[in-house]
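Undergrad: Sequence:
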Amino acid sequence: MENLSKKVGYLKGLMEGMDIDHASANGKLMAGMVDLLGELSDRVEAMDELLDDLNDYVESIDDDLAELEGDRGDDDEFPFLDDDEDEDFDDAFGDGEDKLHLLRPGENDKAKEEDAPDALAGKLCPKCQKMFFTALEDKEDAEYLCPHCGEKITAVPLTPDNAPVAKPVLEF
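Counting from 1, one number per residue, gives the positions in the sequence shown under the numbering used here.
Some hints here could point you the wrong way.
To be verified - Simulated DEER-style distance windows between Cβ atoms:
#1 Val58 <-> Lys139: 48 to 54 Å
#2 Tyr57 <-> Glu137: 41 to 47 Å
#3 Glu171 <-> Met47: 37 to 43 Å
#4 Pro126 <-> Ala46: 54 to 60 Å
#5 Glu143 <-> Val165: 25 to 31 Å
#6 Asp42 <-> Gly122: 27 to 33 Å
#7 Asn3 <-> Ala25: 29 to 35 Å
These aren't lab readings, by the way, just hints derived from the structure by calculation. Ideal Cβ positions, reconstructed from N, Cα and C, are used throughout, including at glycine.
The task is simple: from the sequences and hints, build the whole structure.
TA: Structure follows, in structure tokens:
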């Protein structure tokens, strides 16, 4: 775009060299057009710089994404959606029982979808300190059977102060 700025500068110099009367209608028109071209040239240059910055940013995001994806060695774009992966996930948690049965009713649950709660609230078990979900409309002092430890408890509402927070693993 340097070429565009040079061309606008050339036109300004050419106009000054022609001794055009800036008070005449033709002179005002030509001066206005050259000024407009100069402003448009400046804006195009600014947009080119922003576009270059945006392109660099998108490339860095693409590089980061490629690094996160890594070389999986398979053709499946989302392996975690496969049925085989679900079995591996269940096996990793012992008995294969669906630990999120409150969010996604399983085959063994007798409740129909219309009986399922519309909104869920996170709660903590005061015994095992593990998180589970309850219906949002449940009473605050309701008693529950903890899905993790099996104890009959009054759940503690999940707040930013008591929520379990994962910390990144430092690699050396």
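Undergrad: Hint by hint, note whether the structure agrees.
TA: These are the hints, each one checked on the structure:
Separation of Val58 from Lys139 is about 50 Å and conforms to the stated range, judged on CB atoms against 48 to 54 Å. At about 44 Å, the beta-carbon gap between Tyr57 and Glu137 stays in the expected band of 41 to 47 Å. In this structure the supplied range 37 to 43 Å holds for Glu171 paired with Met47, their Cβ-Cβ distance being about 40 Å. The given range of 54 to 60 Å is respected by Pro126 and Ala46, whose C-beta atoms sit roughly 59 Å from each other.
The supplied range of 25 to 31 Å is met by Glu143 and Val165, whose beta-carbon atoms lie about 27 Å from each other. A C-beta distance of roughly 53 Å is found between Asp42 and Gly122, which places it outside the suggested range of 27 to 33 Å. Between Asn3 and Ala25 the beta carbon distance is about 31 Å. The supplied range of 29 to 35 Å therefore holds.
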